[in-house]
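Trainee: Now for the letters of each chain:
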Amino acid sequence: MACGEKGAMLRELINLFRSGEPLQAMCENFAKMLGLSLELVKKGGEVFFAQSAEEEKRRAIQRQDVEVNKLERKIRKQVVVHLSVSANAVDLPYCLVLMSLVKDVERIGDYAKDLAALVDLGAAPLPEGELLQELQALRQQIERDFDVACRVFNTCDREGAVALIRQGREALEGCERLIREIAHSSLEPGAAVKLALAARFYQRIAGHVLNLLSGVVMPLHRLDYYDEKDIEQATGRQ
Amino acid sequence: MGEPATRPPHALETRWQIARRAVLLLVLLYVFLMGVNGLGGGLRLLGGGLLDSFFHATSNPFLGLIVGILGTSLVQSSSVTTSLIVGMVAAPENALPLANAVPMIMGANIGTTVTNTMVSLAHMRQREEFRRAFAVATCHDFFNFLAVVLLLPLELAFGFLQHSAEAVAGLFAGAGGWAYHSPIERAVRAGVEPVQAALSLLSGSRQVQAVLLVVSSAAMIYAALVLIVRNMRRLLRRQVEGAVQGALGGSPLVSMLVGLGVTVMVQSSSIATSLLVPLGAAGVISLAQAFPATIGANIGTTVTALIAALAVSGPRAQEGVTIALVHLLFNLAGAVLIYPLKPVRNIPLFFAKRLAEVAARSRLAALAYVVGAFYLLPGILAWLNR
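So the protein sequences, as listed, match chains A and B. Per this note's numbering, residue 1 is the first one in the first sequence, and the count goes up by one each step. Per this note's numbering, residue 239 is the first one in the second sequence, and the count goes up by one each step.
One thing to keep in mind: the hints can contain errors.
Claimed, not checked - Distance windows between CB atoms, simulated:
1) B:603 to A:24: 40 to 48 Å
2) A:32 to B:595: 34 to 42 Å
3) A:39 to B:521: 25 to 33 Å
4) B:472 to A:32: 24 to 32 Å
5) A:73 to B:602: 33 to 41 Å
6) B:262 to A:39: 47 to 55 Å
7) A:24 to B:262: 21 to 29 Å
8) B:262 to A:73: 51 to 59 Å
9) A:96 to B:410: 51 to 59 Å
10) B:401 to A:67: 55 to 63 Å
11) B:603 to A:92: 32 to 40 Å
12) B:621 to A:28: 33 to 41 Å
13) B:584 to A:28: 34 to 42 Å
14) A:96 to B:445: 40 to 48 Å
Unchecked claim - Sample of chain A residues with no beta-carbon within 10 Å of chain B, all distances over it, derived:
15) 21
16) 25
17) 104
18) 166
19) 176
Said to hold, decoys possible - Straight line, CA to CA, 20 Å or less: simulated DMTMM-like cross-link-like pairs of lysine to aspartate or glutamate:
20) A:77 to B:366
21) A:77 to B:367
22) A:70 to A:110
In short, the hints are calculated from the structure, not lab data. Just so we're clear, the structure is a prediction, and the values are computed from it rather than from any experiment. Yeah, the Cβ is synthetic: ideal placement off N, Cα and C, and Gly gets one too.
Kindly generate the complete structure, drawing on both the sequences and the hints.
Mentor: Next up, the structure:
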């Protein structure tokens, strides 16, 4: 073994035994995961609305999705090791929340990838009109909400999360309404399928963002519940 | 109720708390060394008669091995047993002969594996989880069984561990037959003398005083080690976790060094190997990844006996250092013989996997293995060889 390699290994070993804050490391990885998923949603939207089949963009989306999946597994391992080694009951709720939310963020990445993959349904351009405009408006709102949600989650901003949940529920309803409108429209089948699926994917993305926000507002056992009644119950008990 | 599930990371232990723990650790270490030193004094006072039968019995290496297994399984700490052995070997008079102590040290290595095997029993409710946990736990057992099977006959035939350890201990003593002088022996004696004086007030009988000194010294060793382990674990919690996290994706050598490092940090191979059990149960680490960490822990645990050797003094102090070195060399030799060659390395892994499959099918078999291998069988064999 060369001297340089020995030195590198020794440094690696010393770094292993250096104290770090385990929860902090998990937080950082989760923040990274959120950032990557947000980018994925934006890129997926770009590919879908431009109906561009650019290979490079599609490959970049896939690479980023793989990164998100790796981070999901890494955080899960960190949680298991942390709970096993430290046997610290104080950290248990936060660890369980992370365990649940990494799944939501991973699903967001999957839906973003699926959104880009809708291009494969056919090269026909998206039908211009009110329905497309509605979908674009929903896309903007959901991307904006997701961006703010990342900051709200990282800073544990409770009030911000409640406001965003109320706003996000409107986006969910908007997606549902749009799907019904598409079903009753006179669009040709290929275009209707593309728009309906995109609306459905954005609805699911919005739903997972709301799950993420429920982690800031709700106690652990009410995670993923964000109806008005649930929010009032949680905020009223502060 | 109503508290949100997320929260920012909690505050770290304050510097004041860390400083307090560090002082407590120094005090505990001193008590531990007092125990080792006091043990030698107690044996000297006890006189030859009472100990002769024990020394005679352990002159049979097989029985010495069983005494080591049984004693360590009962106290669930090889550090306690090996420290007691160091104290007994280094006693100025009526000392345990070095040759008797070597198989006992090997037995202690086997006995200590019972702890993480017991920890794995907690996963019994989930069959698949239990299978993984039990395999990770028992690879430690089978590694030590194999090490004894390979090294005990060699030791009996050639005495290579004892001779090598004597040669290394000679380096401590210096060339030309200089006696070994512990650097902290005087400080330790200063603590033991008042204890001896206090015990002499309790009884005028030399025999009673000797028994009281031996018992109180063993209690000091045990209590100090238990508290040292507990405090070290708390003090170095984050470092241990960081090391375990880092070892997950590392090479076998890194895993081995992490196992060694964590054991030295918490002063307990049982703790280090028990940490691997829930990780193995959850499938976060595989048996092949856990195995080198286990071997590292085996080597790391020898540091306690070496620390104990710091407290010994008198004409047989060098023997005390020698037996501590035997412990180190035995574990190093086991690692060198077993790990590098894949066919040999696979032997303990094969048995651990097979036993785990049986244990997963029949929980009774798992319990029978723990009770039988560590308590019942050694007990029966000891009784038959009495």
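Trainee: If a hint holds in the structure, say so; if it does not, say that too.
Mentor: Consistency of the hints with the structure:
At roughly 44 Å, the beta-carbon separation of residue 603 of chain B and residue 24 of chain A lies within the given 40 to 48 Å, and the hint holds. Take residue 32 of chain A and residue 595 of chain B: their Cβ atoms lie about 40 Å apart, and the range 34 to 42 Å holds. A hinted range of 25 to 33 Å for the beta carbons of residue 39 of chain A and residue 521 of chain B is consistent with their spacing of about 31 Å. Here the CB-CB span from residue 472 of chain B to residue 32 of chain A is close to 30 Å, well matched to the stated 24 to 32 Å.
In this structure the supplied range 33 to 41 Å holds for residue 73 of chain A paired with residue 602 of chain B, their Cβ-Cβ distance being about 36 Å. Distance hint for residue 262 of chain B and residue 39 of chain A: a CB-CB separation of about 50 Å, consistent with the stated range 47 to 55 Å. The given range of 21 to 29 Å is respected by residue 24 of chain A and residue 262 of chain B, whose C-beta atoms sit roughly 27 Å from each other. Between residue 262 of chain B and residue 73 of chain A the beta carbons are some 39 Å apart, a value that contradicts the proposed interval 51 to 59 Å.
Between residue 96 of chain A and residue 410 of chain B the beta carbons are some 52 Å apart, a value that agrees with the proposed interval 51 to 59 Å. Between residue 401 of chain B and residue 67 of chain A, the C-beta spacing of about 57 Å keeps the proposed range 55 to 63 Å intact. Look at residue 603 of chain B against residue 92 of chain A: about 33 Å separates their beta carbons, and that is inside 32 to 40 Å. At roughly 59 Å, the beta-carbon separation of residue 621 of chain B and residue 28 of chain A lies outside the given 33 to 41 Å, and the hint is violated.
Take residue 584 of chain B and residue 28 of chain A: their Cβ atoms lie about 39 Å apart, and the range 34 to 42 Å holds. Under the hint 40 to 48 Å, the C-beta atoms of residue 96 of chain A and residue 445 of chain B, about 60 Å apart, miss the expected range. The claim that residue 21 of chain A lies off the interface is violated: its Cβ sits roughly 6 Å from the closest Cβ of chain B, which falls inside the 10 Å cut-off. In this structure residue 25 of chain A is not separated from chain B by more than 10 Å, as the shortest Cβ-Cβ distance comes to only about 8 Å.
Taking the minimum C-beta to C-beta distance to chain B, about 13 Å, the non-interface status of residue 104 of chain A holds against the 10 Å cut. In this structure residue 166 of chain A is separated from chain B by more than 10 Å, as the shortest Cβ-Cβ distance comes to about 16 Å. Under the 10 Å C-beta cut-off, the non-interface status given to residue 176 of chain A relative to chain B holds; the minimum distance is some 27 Å. For a cut-off of 20 Å, the pair hint linking residue 77 of chain A to residue 366 of chain B stands: about 18 Å separates their Cα positions.
Distance restraint check for residue 77 of chain A and residue 367 of chain B: the Cα-Cα separation of roughly 16 Å lies within the 20 Å cut-off, and the hinted pair is therefore satisfied. Distance restraint check for residue 70 of chain A and residue 110 of chain A: the Cα-Cα separation of roughly 13 Å lies within the 20 Å cut-off, and the hinted pair is therefore satisfied.
This entry does not satisfy hints 8, 12, 14, 15, 16, going by the numbered hints stated previously.
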